[in-house]
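Q: Protein chains in written order, with this note's numbering: chain A, 1 to 429; chain B, 1 to 427.
It is worth saying that the hints were derived from the structure and are not from the lab.
In this text the structure is predicted, and so the values were computed from the model without any measurement.
Glycine is no exception: its CB is placed at the ideal position from the N, C-alpha and C atoms.
You can take every hint at face value.
Each pair of labels, with its calculated beta carbon distance range:
no., chain 1, residue 1, chain 2, residue 2, range
1, B, Pro-45, A, Leu-395, 55 to 61 Å
2, B, Asp-99, A, Arg-212, 28 to 34 Å
3, B, Ala-255, A, Leu-400, 48 to 54 Å
4, A, Ser-269, B, Pro-28, 29 to 35 Å
5, B, Arg-235, A, Arg-228, 57 to 63 Å
6, A, Arg-234, B, Pro-28, 37 to 43 Å
Here are the simulated lysine-lysine pairs, BS3-like style, with alpha carbons at most 27 Å apart:
no., chain 1, residue 1, chain 2, residue 2
7, B, Lys-10, B, Lys-361
8, B, Lys-206, B, Lys-100
9, B, Lys-10, B, Lys-206
10, B, Lys-10, B, Lys-215
11, B, Lys-10, B, Lys-100
12, B, Lys-60, A, Lys-330
13, A, Lys-330, B, Lys-124
14, B, Lys-182, B, Lys-124
15, A, Lys-330, B, Lys-239
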Amino acid sequence: MPCAANIAQAELSNGIRVFAYENFASPAVVVSGYLVAGARDEAPAGVPGSAAVDGGPNRAGLAGFVADCLTRGAGSLSYEQIFERVESVGATLSVSGGMHTTGFYARSLAEDLPLMFDLLSDVLIRPTFPAAEIEKERGEWLTSLEERANSARAMAGLAFNELCYPEGHPYRYSIDGYPETARAVTRDDLAAFHQTYFAPQGMVITVVGGVRARDAHALAQRAFGDWRATRPARQDMPPAPKIVGRHSRHISMPGKAQSSLMLGYPGPSRHDPDWIRLALMNSILGQFGMYGRLGESVRKDQGLVYYIGSRFEGGIGPGAWYIYAGVNPKWVDRVVEVSLAEVRRIRDRKVRSQELRDNQSWFTGSLPLQMETSEGIANQIVSMARYDLGLDYLLRYSELVHSITPADIQAVARKWLDPDNFVMVTAGP
Amino acid sequence: MVSRSNGIVKAVLPNGLTALLKEIHTAPVASLWVWYRVGSRNEHPGITGISHWVEHMLFKGTPRYSENDLDRLVSREGGARNGMTWLDWTTYYETMPSDKIDLALEIEADRMVNALIKPSEVNKERSVIINERQGAENSPSFRLFEEVQAAAFKAHPYGHEVIGHLCDLQAMTRDDLFGFYKTYYVPNNAVVALAGDFDTREMLDKIARRFGRLKPAARAPRVTSVEPPQTGERRVIVKGEGTTCYLMLAFRSVAASHPDFFPLVALDSVLCGASGLSFTGGATTNRSSRLSRALVDSGLAADISGGVTPTIDPYLYALFATAQPGSPIDDLERALWAELERVKHQPVTQAELDKAIKQTKAQFVFGSESVTNQAFYLGFCEMFADYRWLHTYLDRLSAVTVEDVQRVANACLTQDTVTVGRYLPQG
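The following block holds chain A by itself, in its conformation from the complex (with noise of 0.2 Å):
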């Protein structure tokens, strides 16, 4: 089990921290990691000197096309040559741009790892944008928005997020952009991006595999131990207010065979207090085995639907909480109606303590199954830097997981579920 005894940390003199987990049982390395630079740091409407389109961020959009541009030409590379060198040996190298921040990830033989290194490095500190490299990355990002408009799932993502936040808040737009976005984007944004926000400052590297973790350091440190930009403070995220009533909408999408449903609001982030309580009530809700009990009612008992599940988005900010499904039109009004009930039965009684017991078992006894790889080590090993938990958490984990009443859920399903004031999308025919 990853932890503080095993986890070897090292912060480097500009403020990056590492960590290295050494798992020999594998041949190959995944580094992972993160830095604080992310769509919300695209200026958002209402913010001066950022002229709002139609209402929304005239750059949404940008911090990941900057991601995807960064292995367009980095250092003295061009684009076709970080890829000849990245797939000859098999390994895989992304950057994706997120709403709070940018997530990189490597994969390769342990013996290719200070390849990565390299690659890594010079894509995060020193691409170049070669104008005609971002002509094709922009081709390739309208043809994905053409393909989101007549996506039933993402065109209800789209309106939801429209309906949960308001103007101005990050949340409201797509960290895709929209094509209006795409389009208006210059070579100097992204430059200028890049130079402004990405720094070492909070930066988290990972490294788990056949690689021992003195190496690692050394290969971060070599690799980023001299990077000295500086990116400005961030402004607070802005609160997302209470849905107030029901707010419905849909989008016609003729042609479709069915519709994407989703209800929901905006609810907490992963840093609240509540929140491992809120997972496992979520879980007995609509998780657990075959999608807890809303799949229990709509799916096993009545057919209605194929899939049905609920989540908490969390993360750094107020991230939604919803109900979603991909329903057939017909069956929309029915599979709202059981979903509500069953979220105002798991406000109004409490849940039985053998069904807790069930899904507090699912909690714990997965984390073997999650940690089956570098990967998945990995993930657990960012998470736990992401959102301040401490290296410790997974020690902890069980015992957070098993203190956990009946009560407890209740309260906060009383406190976080809204049966009467929410969002409801549903995009299709």
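Following the hints, complete the assembly by docking chain B onto the known chain A.
A: Below, chain B without anything else, positioned relative to chain A:
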């Protein structure tokens, strides 16, 4: 009967059940997969989708374990489980903390013969599966591939989608499902594959105790359909919503047991990048591959992918491209053919081939990290070859020469054996 090779133990019980075991002690986890030699290959018009539907019914309970028990018992021990149906096989797995794996053995031995398939449950599941199909229909690529598959096969059941036709899903009865289950879910048509943290001898005893007493049945009916040769290009068009064009070229492929299979894997890696064998994906990027360079870098396509599927009978080698906005699909198809002609007329370089092999090896190593994948591999290759296919996989791939690749390119990538599909958006 027990044989051993490369750390894998194979045993065939007196009732015909095959067991494959591989000890791996890197994590306190074990994964059990039970494979049945039945899939959409064993279906015909009227009962298309039945293999997949039966798979769903195996989650609906037996006299011993109710549906909710099945969900609860595995999950509460921290296990992961699922079922999958494909062209040639249907499989069920549980990956559990290793001290709980007995539960998985109990469940699988029980539902091999005792699934209830209650009429009321059949009807509820009918709407669940129709929903599953409608969810798939929301995706243009599913609709395009379904048409391409149908055009590519006239006689062989590989021509219909695993999920089945809507009319069959509406019409099939409980008797159809139960009869199909009783025919194919028998120990002599099953393979039990286990990998993980256990002692092989002890585990063999456990398997024999639970599965050994199940009665064998008549040999399942053989599939006799043979697809006749194709003698000219076939072309299908699917119109639908959206604004994105998709292009698919599906060539007649070879069976997994055919000597050209490995050269074809190498060819696919050169053209589209290595795709690996794992059921959990894990493929790498393919940006330095020939088709990505020719089609994506030139702005014609946003994405290109290819895939060789190991199958019992010859299936398809399919290339799938997503057109960029404003890029004419004729130009995309022309450029794709130009690259295929190039690989047919000039041998690939040794460096390209070496890269393709290294990529595939690395994917294999990454996939092997997971006990779940390891158990998957064991049973999977037994469906179309046997477990030795697995440990000769890398050697046979390494033995491929540039001449092999060129020969297979010329044999496979011909205009007379292709089915071309275009998705033309009407938005």
